[in-house]
Structures are given as structure tokens and as C-alpha cells.
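Undergrad: Chains as they are written, first to last, in the working numbering: chain V, 1 to 401; chain C, 1 to 420; chain Y, 1 to 85.
Hints listed in this document are in silico derivations from the structure and should not be mistaken for laboratory results. Some hints here could point you the wrong way.
Partial list, derived from the structure: chain C residues whose beta carbon lies under 8 Å from chain V [said to hold, decoys possible]: (1) Pro57; (2) Val106; (3) Asp172.
When the alpha-carbon atoms are kept at most 30 Å apart in a straight line, the in silico BS3-like pairs for lysine-lysine are as follows [said to hold, decoys possible]: (4) C:Lys414 to C:Lys312; (5) C:Lys323 to C:Lys414; (6) C:Lys210 to Y:Lys11; (7) V:Lys91 to C:Lys323; (8) C:Lys210 to C:Lys21; (9) C:Lys21 to C:Lys414.
Beta carbons are placed, not taken as given, at the ideal position from N, Cα and C, and that holds for glycine.
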Amino acid sequence: MTAVVTGIGVAAPNGLGVEDFWRNTLSGTSGIGPISRFDASGYPVRLAGEVPDFEAAQHIPGRLIPQTDRMTQLALAATEWALDDAGVDPKSVDEFDMGVVTANSSGGFEFGQRELENLWARGPQYVSAYQSFAWFYAVNTGQVSIRHGMRGPTGVTVSEQAGGLDAIGHARRHLRRGVRLLVTGGMDASLCPWGLVAQLPNGRLSTDGDPASAYRPFADDAAGYVIGEGGAILVVEDAEFAAQRGARHYGEIAGYSATFDPAPGSGRPPKLAAAITGALTDAGLTPADIDVVFADAAAVPALDRVEADALVAVFGERGVPVTVPKTMTGRLSSGGAPLDVATALLAMRDSVIPPTVNVAAEAVDERLDLVTGARAGHLGAALVVARGYGGFNAAMVVRAA
Amino acid sequence: MDRHVAITGIGVVAPGEPGLKQFWARVTEGRPATRTITSFDPSPYRSRMAAECDFNPFDVGLSQQEVRRLDRAAQFAVTCTRDALADSGLERVPADRTGVAIGSAVGLTIRLESEYAVVSDGGRRWEVDHTYGVPHLYDYFVPSSLAAEVAWTAGAEGPATVVSAGCTSGVDAIGYACELIREGTADVMITGGAEAPVSPITVACFDAIKATSNRNDDPEHALRPFSLSRNGFVLGEGGAILVLEELERAKARNAHIYAEISGFAARSNAYHMTGLRQDGREMAEAIRVALDEARLPADAVDYVNAHGTATKQNDRHETAAFKRALGAHAYEVPVSSIKAVTGHSLGAVGAIEVSACAMAIEHGVVPPTANLTDPDPDLDLDYVPITARDVPLSSVLTVASGFGGFQSAMVLTKPGREHR
Amino acid sequence: MNEFTMDDLRKIMRESAGEDGSGTLDGDILDNSFEELGYDSLALMETTSRIERALSVTLPEEDMADVSTPRDLLAFVNGQLTELV
Numbered sequence: 001m002t003a004v005v006t007g008i009g010v011a012a013p014n015g016l017g018v019e020d021f022w023r024n025t026l027s028g029t030s031g032i033g034p035i036s037r038f039d040a041s042g043y044p045v046r047l048a049g050e051v052p053d054f055e056a057a058q059h060i061p062g063r064l065i066p067q068t069d070r071m072t073q074l075a076l077a078a079t080e081w082a083l084d085d086a087g088v089d090p091k092s093v094d095e096f097d098m099g100v101v102t103a104n105s106s107g108g109f110e111f112g113q114r115e116l117e118n119l120w121a122r123g124p125q126y127v128s129a130y131q132s133f134a135w136f137y138a139v140n141t142g143q144v145s146i147r148h149g150m151r152g153p154t155g156v157t158v159s160e161q162a163g164g165l166d167a168i169g170h171a172r173r174h175l176r177r178g179v180r181l182l183v184t185g186g187m188d189a190s191l192c193p194w195g196l197v198a199q200l201p202n203g204r205l206s207t208d209g210d211p212a213s214a215y216r217p218f219a220d221d222a223a224g225y226v227i228g229e230g231g232a233i234l235v236v237e238d239a240e241f242a243a244q245r246g247a248r249h250y251g252e253i254a255g256y257s258a259t260f261d262p263a264p265g266s267g268r269p270p271k272l273a274a275a276i277t278g279a280l281t282d283a284g285l286t287p288a289d290i291d292v293v294f295a296d297a298a299a300v301p302a303l304d305r306v307e308a309d310a311l312v313a314v315f316g317e318r319g320v321p322v323t324v325p326k327t328m329t330g331r332l333s334s335g336g337a338p339l340d341v342a343t344a345l346l347a348m349r350d351s352v353i354p355p356t357v358n359v360a361a362e363a364v365d366e367r368l369d370l371v372t373g374a375r376a377g378h379l380g381a382a383l384v385v386a387r388g389y390g391g392f393n394a395a396m397v398v399r400a401a
Numbered sequence: 001m002d003r004h005v006a007i008t009g010i011g012v013v014a015p016g017e018p019g020l021k022q023f024w025a026r027v028t029e030g031r032p033a034t035r036t037i038t039s040f041d042p043s044p045y046r047s048r049m050a051a052e053c054d055f056n057p058f059d060v061g062l063s064q065q066e067v068r069r070l071d072r073a074a075q076f077a078v079t080c081t082r083d084a085l086a087d088s089g090l091e092r093v094p095a096d097r098t099g100v101a102i103g104s105a106v107g108l109t110i111r112l113e114s115e116y117a118v119v120s121d122g123g124r125r126w127e128v129d130h131t132y133g134v135p136h137l138y139d140y141f142v143p144s145s146l147a148a149e150v151a152w153t154a155g156a157e158g159p160a161t162v163v164s165a166g167c168t169s170g171v172d173a174i175g176y177a178c179e180l181i182r183e184g185t186a187d188v189m190i191t192g193g194a195e196a197p198v199s200p201i202t203v204a205c206f207d208a209i210k211a212t213s214n215r216n217d218d219p220e221h222a223l224r225p226f227s228l229s230r231n232g233f234v235l236g237e238g239g240a241i242l243v244l245e246e247l248e249r250a251k252a253r254n255a256h257i258y259a260e261i262s263g264f265a266a267r268s269n270a271y272h273m274t275g276l277r278q279d280g281r282e283m284a285e286a287i288r289v290a291l292d293e294a295r296l297p298a299d300a301v302d303y304v305n306a307h308g309t310a311t312k313q314n315d316r317h318e319t320a321a322f323k324r325a326l327g328a329h330a331y332e333v334p335v336s337s338i339k340a341v342t343g344h345s346l347g348a349v350g351a352i353e354v355s356a357c358a359m360a361i362e363h364g365v366v367p368p369t370a371n372l373t374d375p376d377p378d379l380d381l382d383y384v385p386i387t388a389r390d391v392p393l394s395s396v397l398t399v400a401s402g403f404g405g406f407q408s409a410m411v412l413t414k415p416g417r418e419h420r
Numbered sequence: 001m002n003e004f005t006m007d008d009l010r011k012i013m014r015e016s017a018g019e020d021g022s023g024t025l026d027g028d029i030l031d032n033s034f035e036e037l038g039y040d041s042l043a044l045m046e047t048t049s050r051i052e053r054a055l056s057v058t059l060p061e062e063d064m065a066d067v068s069t070p071r072d073l074l075a076f077v078n079g080q081l082t083e084l085v
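Throw the hints in and build the complete structure from the sequences for me.
TA: Listed below in C-alpha cells is the structure:
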């Protein structure tokens with residue numbers, strides 16, 4: 001069984017929709033800017049990647065709007081685009097043959113802040129009937145499955161930024177067990193004051209107020225990352241089924257592996273390299289077969305060093321081009337890795353590696369070949385790396401169509 | 001060669017006294033742990049009850065820093081993990097080959113809400129005050145921290161994740177763990193669920209949809225599965241962690257095996273975020289697929305552990321599902337819900353129920369449905385009212401249903417079954 | 001005390017449960033069931049909750065079982081308002 005991606009839907013800070021996103025990504029156009037969603041003037045963090053121009057009413061039925069957080073609205077819109085892109089009408093597929101597995105990190109956090117405020121400032125009778133499901137981690141999967149009548153296996157994985165690869169990997173498991181089509185990926189949006197304040201204590205957010213310098217992974221003086229909202233939804237299918245219905249595909253989910261770091265204080269090294277080699281082995285490929293790496297890019301020097309060490313251990317010094325298009329979006333938590341997978345597929349389709357922005361190649365660990373300007377060339381396979389706060393490591397290999 | 005999954009260790013913190021033995025005693029005696037909420041003043045709420053765990057984290061050996069860092073659900077998870085590992089007799093897990101999958105529906109809600117109350121100054125400020133943010137707030141913001149804490153406790157370095165599928169999370173996490181063992185990615189999985197949702201926002205949100213019972217003057221008898229007078233569930237809390245091992249490994253080290261997990265399936269009703277159609281079609285499909293995977297015919301099921309939340313719609317829905325999936329056998333097999341005793345702990349309860357099923361197989365006892373004194377005449381199956389039964393059990397089915405349309409089924413079988 | 005009108009109800013329904021396409025709630029819908037109008041039990045709960053808060057009135061849940069159309073709901077609400085006077 002070969003798992004292929006037949007549809008992509010993107011909602012990113014530098015592009016609503018795949019074409020918008022890809023064009024901006026190739027041209028190095030960043031979507032990071034001052035937070036406009038709320039008054040951030042009192043906070044040490046002023047920047048975020050915000051999805052531009054998304055009016056929910058233009059993309060999803062009016063009836064769904066009062067009961068959905070923004071992240072669910074983005075997920076529903078992106079799912080529709082992905083299904084369109086895949087050229088598949090869910091009504092034409094047996095309902096039990098379609099599943100939904102998405103990743104999530106923080107639930108419908110803004111919806112939750114409003115309802116918490118209703119409760120604490122006004123009283124229990126002010127809490128919405130929709131709070132019982134609009135904020136929980138499973139809501140995107142739930143609403144997507146309802147909207148498209150998908151009654152096959154459904155699930156949700158939460159492993160912070162690594163969760164997106166876990167979800168896609170799990171969707172592939174279902175395909176192996178006979179499910180024909182799954183909607184997968186991840187979408188998070190927590191750009192509200194409580195969302196920002198809940199993230200500050202992780203100590204990893206950049207407090208630089210200049211979008212051109214705030215998020216510079218692998219730079220010697222990297223000082224944290226920028227948060228963002230958005231992600232990508234992918235339609236994955238059994239290649240045979242896709243071929244039967246005459247669908248084209250972007251490429252194959254060829255390999256996946258996940259590990260968890262030893263407990264802090266154990267003195268033992270992180271397990272990122274193990275996840276990378278695990279994904280290669282799963283894909284039946286060697287390091288030499290990988291033409292580009294989409295890095296996790298924490299932009300915290302110690303964490304960047306761990307990632308650089310792992311890449312060097314597997315690929316050798318400057319052994320593979322490494323790029324970080326998320327420098328144009330910020331880290332999107334559960335949406336980040338699926339967006340990287342989508343980007344990798346587009347890169348392979350168009351034979352061009354998108355750039356890392358705001359980082360000068362000279363300022364970076366010289367053991368890495370960091371791509372800082374779009375680089376043309378044939379790409380047969382790509383590696384996506386994602387790490388979740390707490391020690392989650394995930395790696396995925398995608399192969400060109 | 002096919003790989004199979006054995007349960008070799010169980011750790012439970014359930015309403016009432018913590019511990020597997022205490023849990024099993026209460027469940028078989030049919031002694032409800034539902035009471036008026038004590039952890040905060042419930043008087044402003046419509047439903048003022050919960051099934052609370054008499055759990056003191058210091059008494060079970062958690063340290064000062066652990067108690068400070070860990071939300072109550074995480075305290076449950078860590079405690080259950082330690083208990084399950086001790087129970088399994090595994091001195092050390094094979095780190096690279098041990099993964100983690102923990103179910104949670106609402107994450108670290110108690111801490112998240114209590115911290116919100118402070119930074120927002122009681123909901124007065126939309127632009128909440130970051131200077132009041134506590135150091136571990138990010139752990140509560142993304143509940144993957146539950147899996148991280150369990151992995152650290154167990155020394156697991158394989159794949160780790162939190163499975164969050166509403167009220168099926170507990171069962172689904174265990175199902176996820178089984179898949180990782182069967183496909184050869186892991187030999188050991190530390191899995192289950194933990195939930196501590198008894199917090200104002202959760203109580204309020206269930207009040208808003210009238211899903212919880214408001215029989216506040218009689219908390220012990222408030223959650224009445226399959227009863228004519230049933231009027232909703234009672235929120236619960238707790239955790240259950242299992243040590244799962246690849247069967248041959250478990251046998252090779254002479255591990256005590258409670259049961260095997262022989263089948264699992266998750267489906268969606270794709271109908272409504274909270275509502276259920278009355279025909280139980282998708283739950284029936286999940287049951288059919290789980291039995292298929294277990295290579296068992298419907299009439300091999302000796303006991304059905306129901307979702308049994310005592311809402312009008314749930315009990316009707318799953319009764320229909322049982323009839324659809326098991327045919328005539330639905331009328332012969334004992335069906336019971338232990339939620340009358342444990343309450344509904346959302347993402348944990350599925351794992352608590354799998355633990356009960358493993359114990360049921362081990363001891364040959366079908367736990368009763370407590371509070372079932374006025375059966376609903378429209379629900380005509382054998383729901384094992386009030387009193388447990390001694391019945392040798394070879395195959396047990398447990399089901400779960402969750403907001404978002406999730407419908408799950410899992411089959412446990414007695415160890416020693418021949419594998420074709 | 002002001003009467004609770006269909007227009008008032010329309011406004012609250014739009015806020016609490018949204019509207020698909022323009023005009024689902026326009027025109028004479030007094031005797032359409034909420035189900036026909038595409039408003040499920042959740043939407044109805046949200047709607048009644050908002051009415052309760054807006055008008056400081058209680059709509060006892062036991063009596064809501066008989067409410068299936070906007071006409072029923074308006075009558076019920078106005079009945080409760082009258083009792084308050």
C-alpha cells in the first residue's frame with residue numbers, strides 16, 4: 001500500500017489557500033507582523049503570524065459560525081479546499097471508507113477565553129451551549145467528519161509541534177488497514193491574550209519586536225521563535241484508489257517515525273537522530289536519497305544545536321540542503337508540520353527549495369547548508385522534522401510523485 | 001507472524017479511594033462514588049455533583065515539586081503509571097521499544113481555569129496579566145505534557161502522544177497503543193487515560209446543554225443508567241494506566257497477563273457534535289469491526305461493558321447498537337454500566353472501563369449497573385441490575401461514545417486463547 | 001413590560017445559532033418547526049439561554065418539551081413575562 005497526498009488546503013500567515021501561500025513562500029514574503037487581533041502593547045511579545053483576510057462567513061455555512069472557534073473555521077475551510085484539490089466528492093465514497101485524523105495543541109482557545117470570561121465575570125448561565133465541544137482538542141476532527149459525512153476511523157493526536165506528523169503517520173496506518181481516504185493535518189489558532197500569556201512561560205518566545213529579526217533559527221544569536229496560527233489539511237489516499245478514480249497526487253508519505261527524549265537529568269542524549277533514521281528506514285531510503293530537509297527550527301540555541309547535531313550525524317556536515325519556510329509564518333504548533341509536509345510536496349512538484357528568511361547564511365552553524373534564497377533543482381525526496389515541547393521527536397519522509 | 005497484545009499491569013485512581021483493588025471492590029459492590037462537589041462551591045450550578053477521587057497526592061508519594069508542577073489529571077496519570085509498572089513486574093522498560101499513548105478529553109482544565117481566573121482577575125480583563133503567569137502554564141496550555149510526564153515516569157523513549165477524542169479518548173488511546181505493538185513499532189506501551197474535569201467551566205458547559213443530572217438532593221443515586229427516571233450523567237474524575245506488552249514477550253518473562261486486547265475499532269457517526277441518532281449504526285459498525293479483528297462471532301461475547309452515561313439519548317442509542325451488532329445474542333449477554341459508580345470522567349473513563357473489563361475476565365465477575373431499580377421498559381436487555389454476577393468470561397466487549405461523533409469498541413479476551 | 005416579538009426572536013436566533021444563506025429566518029416562520037428551520041436542540045438551548053439572560057426570565061426546562069415552533073416559543077416566553085408582572 002502506498003499512501004499518497006491528493007489534496008492540500010492551506011491557511012497560513014503568508015497565504016490563504018495553497019497558491020497564495022506557495023507564491024509568497026517562494027518569493028520570501030513573510031506573514032509575521034505586529035499582533036493585530038488584540039492589544040498586545042502590554043506584553044513582552046508583540047509579533048505573530050496571523051492568517052490574513054479570513055472572513056469565516058465567506059468560507060463556511062453561517063450556522064457553523066457561532067459554534068466554532070477560529071481554528072475550526074480555518075480547518076473546515078482548508079478541508080474543503082483540500083477535498084476540492086483532490087477532486088473527490090465525499091458523497092461518492094462509501095462513508096465508512098473515509099476517516100479523519102487531525103492533530104491539535106490548544107483547542108479552541110479564543111472561544112474558551114470568551115466562555116471563561118462569561119463564566120467568571122457574569123456567571124454560569126452565561127456559558128454557551130457550544131462550550132461543551134467548541135474548545136476541545138477533538139473538535140476539528142469532529143466538525144470535519146460531520147460536514148463531509150466521514151464515518152470511518154477518526155482520531156486526534158496531541159504532541160505539540162510533533163503532533164502534525166503523528167496525525168499524518170496515523171492516517172497512513174489506517175490506509176494500510178484498508179481505509180481508502182483520510183483527511184489529516186492540523187490547525188491551531190490561539191491568538192488571543194490568554195493564548196499568548198499561556199505560552200510566554202515556556203521561555204522560548206522571541207521578544208524582538210522587529211519581524212525581520214525576531215525568528216532566526218540556527219543563527220548564533222537566535223533568541224526564540226514567533227508564534228503563529230494556521231496549518232494545513234491534507235487528503236491522503238491509497239495510491240491504487242487514487243489511480244482508480246483518475247486523481248493525480250503530489251507525492252507519497254514514504255516514511256514516518258517518532259521517539260521521545262530521555263527524561264531531563266538522565267544525562268542521555270536526545271533521540272532526534274533516531275527518529276530521522278527511523279523515518280529513512282521506514283521509507284527504504286538512505287540519507288543520500290534525501291534532497292532537502294524542512295527543519296523543526298526552534299530558534300533556541302541549545303535546541304538548534306541538538307537539531308544541527310542530529311542532521312550532521314545523519315547526513316554529514318553540509319550534507320543536505322536545510323530550509324525553514326516557517327520563518328515566514330512562525331511556529332504553528334499542530335499546524336506547523338503538516339504545512340511543512342505540504343511545502344515539501346510543492347517544492348518537489350516545482351523542483352525548487354523555498355527559502356529561509358531573515359537569517360544570513362554566514363550567521364548560521366557552518367555545518368549546515370541553510371537555504372536562504374529559493375534554490376532550483378530536482379527533488380526526489382524530502383525529510384520533515386518536527387519536535388514537540390517536552391521531548392517529542394517526529395520525522396517524515398515524502399517522496400515525489 | 002501476527003503480534004498480539006497482553007495487559008500485564010494496571011494502575012487506577014478512581015472515585016472513592018485510589019488503587020486498583022479499591023476500585024474493583026467498589027465497582028463489584030455497586031457502591032456509587034457520586035456526591036455533592038467538594039472541590040469548589042457548586043451552589044450556582046444546575047448540576048452540583050461529581051464522582052470525586054479521595055486522592056491526596058502527597059499520600060501517594062508525589063513530591064512537593066511534582067504537586068506544584070502537575071495539574072490533578074497529570075497527578076493521576078503519574079500515580080497510575082507508577083502503580084501499573086509496579087503491578088507489571090517489569091523492572092525496566094526497553095526504552096527504545098516502549099511508547100506512550102494517553103487519553104484526555106479536556107486536558108489540564110483545573111489548572112488552566114484557575115490560572116485564567118488569576119491572570120484575568122476574575123474575568124475582568126480580556127487583556128490578561130502575564131505577570132501573574134505561573135512557570136508551568138505552558139504544560140497546561142498543550143496537554144501533550146500528560147504524555148511527557150508518563151514517558152519520564154516510565155523511562156519510555158519510543159513514540160509518545162496524547163489521544164484526544166472526547167469521551168472515547170481512554171479507549172482510543174489504548175487502541176492506538178495496540179496498533180503500535182501489532183505493527184512492530186513498540187513492544188511495550190504505557191497507555192490509558194487521565195481526566196480531572198471537575199472545575200467550574202466544565203460543570204457550567206454541561207449545565208448549558210443539560211447533559212448532567214440535576215438530581216442534586218440524591219447524589220448517590222443520580223446517575224442511573226438504563227433507568228426510566230434517568231436524567232443525565234454525573235461528572236467524574238480519575239485515571240487508569242495499563243502496561244501493554246507484545247504477547248510473546250510477556251509470556252517469555254512469565255508475566256501475569258490479565259487479558260489480551262484482541263480487537264479495536266473507532267468510527268464516527270458524522271451526525272452531530274453532541275447528538276446521537278437512535279439507530280446506533282456507527283457504534284454497531286465499530287463493534288462489528290472490533291469483533292472481526294478479534295476473530296470472534298457476535299455470540300462469543302460474554303459481557304458487554306456499556307458506555308451507559310444515563311442520558312436519555314445515550315442509553316437508547318447504545319441499546320440499539322448492541323442489538324444491531326449482536327443480533328439475538330444482545331438479549332442473552334449481560335450488559336452493564338459502571339458509570340453509576342465511577343461517574344463519567346470523559347477522557348479517562350474509557351481506560352477505567354477497560355481496566356474493569358480486564359479485572360472482570362481475571363476474576364470471572366460481571367460488575368453490576370448500580371442504581372438500576374426502575375428499568376426503562378423500552379430498554380429490554382439484561383443490564384445486570386444492582387448485584388454483580390460470577391460468570392466465567394472469555395470475551396468482553398466495551399464501547400464508548402463521545403462528543404464529536406466518536407464511536408469506539410474494544411474486545412478483550414481471556415489469556416491463553418489459541419491464535420490462528 | 002414589552003412583548004417579546006418574532007423580530008426579537010429572529011435577532012437572538014441569528015446571534016446564537018447563525019443562519020445559512022440569507023433569509024432562512026425571514027418571512028412567516030411562526031409555524032415552522034425549529035427542526036424544519038434547521039435549528040437543532042443545541043441551537044434551541046443556546047437561544048433560550050440568551051432569551052433568559054436578555055429578559056431576566058426563567059424558561060423552565062420541563063415546559064420546553066412542548067415548544068417546537070417559533071409561535072410556541074413566543075407564547076411561552078411572553079407567558080413567563082406576564083407572570084413576572
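Undergrad: All the hints need checking, so say for each whether the structure fits it.
TA: These are the hints, each one checked on the structure:
1. Pro57: It is violated, given that the least Cβ distance between Pro57 (chain C) and chain V is near 19 Å, above 8 Å.
2. Val106: Holds, because the Cβ-Cβ distance from Val106 (chain C) to chain V comes to roughly 6 Å (cut-off 8 Å).
3. Asp172: 6 Å, holds
4. C:Lys414 to C:Lys312: 33 Å, violated
5. C:Lys323 to C:Lys414: It holds: about 24 Å lies between the C-alpha atoms, which stays within 30 Å.
6. C:Lys210 to Y:Lys11: The hint holds at about 24 Å.
7. V:Lys91 to C:Lys323: The hint holds at about 28 Å.
8. C:Lys210 to C:Lys21: Violated - the C-alpha atoms of Lys21 (chain C) and Lys210 (chain C) are around 34 Å apart, more than 30 Å.
9. C:Lys21 to C:Lys414: Roughly 20 Å between the alpha carbons, so the hint for Lys21 (chain C) and Lys414 (chain C) holds.
Checked against the numbered hints given earlier, this structure breaks hints 1, 4 and 8; the rest are met.
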